[in-house]
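In order, the protein sequence lines correspond to chains A and B. In this text, residue positions in the first sequence follow our numbering: the first is 11, and each later residue adds one. In this text, residue positions in the second sequence follow our numbering: the first is 11, and each later residue adds one.
Just so you know, these hints were derived from the structure itself, not from any lab. Among these hints, one or two may not hold up.
[Stated by the list, open to error] Derived EDC-like pairs: lysine to aspartate or glutamate, alpha-carbon spacing no greater than 16 Å straight-line:
1. 275(A) / 232(A)
2. 32(B) / 163(A)
3. 47(A) / 72(A)
4. 32(A) / 292(B)
5. 89(A) / 121(A)
6. 32(B) / 292(A)
7. 50(A) / 72(A)
8. 249(B) / 279(B)
9. 275(B) / 229(B)
10. 32(A) / 163(B)
2 protein chains.
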Amino acid sequence: MKIAQFGLGPIGLETLKLAASKPWADSVGAIDIDPHKIGKDLSHLTGHRSLRRRLVYPSIDDLLKHAKPDLIFHTAVSKFHAAFDQIEPIVRRGINVVSSCEELLFPQFRDPRLAARLDKICRRSGARVVGTGVNPGFVMDLLPICLTSVCRDVRSITVHRVVDASTRREPLQRKIGSGLAPQEFLRRFRKGTIGHAGLRDSLALIGHCLGWRLDKISETGEPVVAKCHIRTQFLVVVKRGQACGLHQRAIGRENGRVRLTLDLKMYLDAPDPHDRVQIQGDPPLDVLIRGGVAGDQATSAALVNAAPQLLLAPPGLRLITELPAGHFA
Amino acid sequence: MKIAQFGLGPIGLETLKLAASKPWADSVGAIDIDPHKIGKDLSHLTGHRSLRRRLVYPSIDDLLKHAKPDLIFHTAVSKFHAAFDQIEPIVRRGINVVSSCEELLFPQFRDPRLAARLDKICRRSGARVVGTGVNPGFVMDLLPICLTSVCRDVRSITVHRVVDASTRREPLQRKIGSGLAPQEFLRRFRKGTIGHAGLRDSLALIGHCLGWRLDKISETGEPVVAKCHIRTQFLVVVKRGQACGLHQRAIGRENGRVRLTLDLKMYLDAPDPHDRVQIQGDPPLDVLIRGGVAGDQATSAALVNAAPQLLLAPPGLRLITELPAGHFA
Chain A
11 MKIAQFGLGP IGLETLKLAA SKPWADSVGA IDIDPHKIGK DLSHLTGHRS
61 LRRRLVYPSI DDLLKHAKPD LIFHTAVSKF HAAFDQIEPI VRRGINVVSS
111 CEELLFPQFR DPRLAARLDK ICRRSGARVV GTGVNPGFVM DLLPICLTSV
161 CRDVRSITVH RVVDASTRRE PLQRKIGSGL APQEFLRRFR KGTIGHAGLR
211 DSLALIGHCL GWRLDKISET GEPVVAKCHI RTQFLVVVKR GQACGLHQRA
261 IGRENGRVRL TLDLKMYLDA PDPHDRVQIQ GDPPLDVLIR GGVAGDQATS
311 AALVNAAPQL LLAPPGLRLI TELPAGHFA
Chain B
11 MKIAQFGLGP IGLETLKLAA SKPWADSVGA IDIDPHKIGK DLSHLTGHRS
61 LRRRLVYPSI DDLLKHAKPD LIFHTAVSKF HAAFDQIEPI VRRGINVVSS
111 CEELLFPQFR DPRLAARLDK ICRRSGARVV GTGVNPGFVM DLLPICLTSV
161 CRDVRSITVH RVVDASTRRE PLQRKIGSGL APQEFLRRFR KGTIGHAGLR
211 DSLALIGHCL GWRLDKISET GEPVVAKCHI RTQFLVVVKR GQACGLHQRA
261 IGRENGRVRL TLDLKMYLDA PDPHDRVQIQ GDPPLDVLIR GGVAGDQATS
311 AALVNAAPQL LLAPPGLRLI TELPAGHFA
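Work the whole structure out from these sequences, hints included.
Pasting the structure below:
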């Protein structure tokens with residue numbers, strides 16, 4: 011499988027390196043708009059010798075002058091609309107896309123018309139698109155969905171995820187509001203410039219799979235306030251009283267009844283990180299992932315492992331739940 | 011979807027009742043060889059009024075004289091060869107099958123030629139077959155397989171399952187050797203007349219999905235010996251010193267190195283029942299299902315929930331890992 015990388019941020023570089031280690035993948039180049047990266051040799055950017063003479067191009071058109079990938083890993087944006095503009099020229103050329111774009115998890119939820127358009131373009135060109143990752147993409151959606159396969163009845167689902175953000179990349183430490191005054195945190199959360207993208211998408215995907223008509227989806231975000239001075243390995247500095255992360259919660263109701271609760275805490279030095287899925291049903295299930303699924307490393311794995319599964323699916327805009335069971339590839 | 015039930019033991023009856031509660035399923039009848047059941051009305055056997063005038067027939071041919079199901083739930087045998095003889099006449103007529111037969115989880119492991127033959131018959135007639143359940147089918151195979159989708163590397167996998175057999179159906183309490191003298195237990199385990207069917211199948215399926223060439227698969231079974239007198243709700247009586255269940259273990263090696271360990275304890279009054287999947291990899295994962303996935307109820311759910319997913323797959327002999335993500339349907 012000839013692959014290329016779109017977006018060379020921390021997740022993009024991890025994905026590129028992981029793909030380069032796979033015997034089934036041959037990396038042919040990358041795309042990034044950063045002028046400091048364009049023209050660079052990927053072996054220099056990654057330290058992987060197998061990527062020698064694979065370069066960074068400013069656009070898909072420039073990449074295609076040199077090689078045609080079968081599949082592109084897209085790790086550039088969180089919003090469906092922005093992702094559409096980047097992905098549409100790729101799939102129009104019949105090239106498959108695995109994307110970390112949070113709103114591509116279930117784009118029909120964000121913009122059904124645009125999703126239908128992307129699906130149509132894919133079917134016409136023979137390409138496939140899927141959005142995945144660890145969250146969204148696994149812990150707070152796919153995993154609870156799969157767990158219900160052994161349930162005779164499901165009344166409600168609650169997922170808790172606690173992430174120690176100290177172990178995560180700098181952009182994520184910023185994205186959760188580290189170092190902001192609580193009021194500024196709330197202002198930016200309401201504006202949508204900080205916070206975890208994709209929580210409502212995860213919730214909507216679960217509802218979709220279980221056939222629940224969620225008539226109300228609400229979401230709240232609050233700062234977790236630092237009790238002491240914190241300084242991370244990326245030199246993010248948080249003073250006592252400032253936000254050191256977030257507590258975000260999405261709730262989905264059907265006919266006024268709470269069906270789904272997704273509760274996410276990501277903050278610096280969070281104790282006891284874990285993921286927990288509780289299904290109130292028959293049988294009830296209580297699943298605990300001790301330590302949680304570590305974010306950044308696992309996200310690159312989710313993207314790379316999804317690639318072979320995506321090629322097994324029919325052309326179109328696919329949901330991760332429509333692919334055969336994912337696994338280490 | 012018109013469905014029928016093949017086999018009216020405890021699991022079959024649960025499956026039939028659960029399917030009868032689904033708005034998308036219309037039960038048209040059942041098949042069983044028990045002369046006491048043939049001709050009976052399914053509403054009497056199950057207490058479900060929606061099954062009135064749905065009868066038990068002695069064979070697929072007799073059932074087909076009255077109605078043609080789209081899919082049959084097959085809960086009758088553990089061995090692939092026996093299942094083949096029962097399923098072949100069904101799929102030959104283009105009827106899909108979801109089976110609890112343990113060796114149908116990964117029949118290519120048991121008999122690749124017969125599996126290829128079944129696959130060919132299915133493709134020709136347009137039918138699909140899949141084997142699933144809770145174990146095998148979920149806890150000790152599909153779940154660990156899916157968990158590896160967020161791993162950059164997987165070195166080995168260990169699954170522990172502890173089941174309190176006191177809560178399970180009588181045939182299971184017998185199947186795990188309850189009430190046998192330890193020597194007799196070992197004799198019967200070696201003969202294959204007691205023990206959990208499907209442990210090596212689970213192991214082989216994981217190895218298959220992860221691309222591991224397991225050159226050695228070993229399996230051991232030992233009695234768990236009762237420390238006091240036990241009498242179950244099904245009047246199974248176990249004296250002190252007799253077997254009250256089993257400890258079964260399968261290990262898969264690749265080039266002499268242990269890759270997979272499946273460890274199953276099923277015994278009467280087992281304390282702290284649970285399922286635990288540990289993946290030694292990057293990231294490592296440690297997943298605990300508190301209380302475990304309750305067996306019999308969950309098995310009927312796994313079968314019924316798999317039906318809509320199976321119909322989405324191309325015709326042929328399918329593995330549960332080849333279907334789109336399963337979920338409550």
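So which hints don't hold here, by number, going up?
none
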